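Q: Chains as they are written, first to last, in my numbering: chain A, 1 to 122; chain B, 1 to 122.
Everything hinted at is true.
Where chains are identical, the list cannot tell them apart; a pair therefore holds if satisfied intra-copy or between any two copies.
Within a straight-line C-alpha distance of at most 27 Å, the following computed DSSO-like cross-link-like pairs (lysine-lysine) qualify: (1) LYS81 / LYS59; (2) LYS59 / LYS22; (3) LYS11 / LYS59; (4) LYS22 / LYS81; (5) LYS104 / LYS38; (6) LYS81 / LYS38.
Hints in this document: simulated from the structure, not taken from any laboratory.
All values reported here derive from a predicted model rather than from experimental measurement.
There are 2 protein chains.
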Amino acid sequence: MNYQPINFIEKFSLFQEQWKPKVIAELNNYQFKIAKIKGDFIWHSHSDTDEAFIVIRGKLRIDFRDGAVIIDQGEMFIVPKGVEHKPYAEKEVQLMLIEPEGVKNTGDEAANKITAENNIWI
Amino acid sequence: MNYQPINFIEKFSLFQEQWKPKVIAELNNYQFKIAKIKGDFIWHSHSDTDEAFIVIRGKLRIDFRDGAVIIDQGEMFIVPKGVEHKPYAEKEVQLMLIEPEGVKNTGDEAANKITAENNIWI
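Chain A extracted, bound-state conformation (with noise of 0.2 Å):
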């Protein structure tokens, strides 16, 4: 058999739109999902699930209605299932999520104009 790893570099190079979560992996019924993003996104929650956030490329920041996280390359962050948040980045970012299968990107928000569609592998 022919095993490949998953490089993050490469997969990142392999687009250039921001907001737009696109599959590279599978873990049971877990998909790690990756992004860049640059400026504010929505005010959102998960009423049904973690969510994890792993900077690969720059600083990003999450707002809390109570507090923020700076999340910068090389570090992780888990935002718990029900918790409003707002990521920011002030210059784009390269990150993955990490979460069950079939998360919106905007949560328990009515789907809207930047809500992604879901499972795009890259």
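Assemble the complex: chain A is given as a structure, and chain B must be docked to it using the hints.
A: Quick look at chain B alone, frame taken from chain A:
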């Protein structure tokens, strides 16, 4: 609230022992574990779960019965459930594992001297 990211380099600086995964984060019932490894592990498999390997530093080889994969830093690989595998590191590798809590490092093999204690947080 005072929110803090989890920094991989800082976490790896807190221990030296090899082959003893330490939990650094939990996502629902999944755990993120970091480990330092060097040399050969044993052949084993996990009959009920996939296992994610992310290499933070160094170069990891995972042998399979019908091949092998080299995972360099900045790369990841998912070992599918039920697949026999044997990690190997010529020089020390710093890696992160993601898998459901309670998974033994030696998989379905009977517990032995290299079976690590679970749920050791760092």
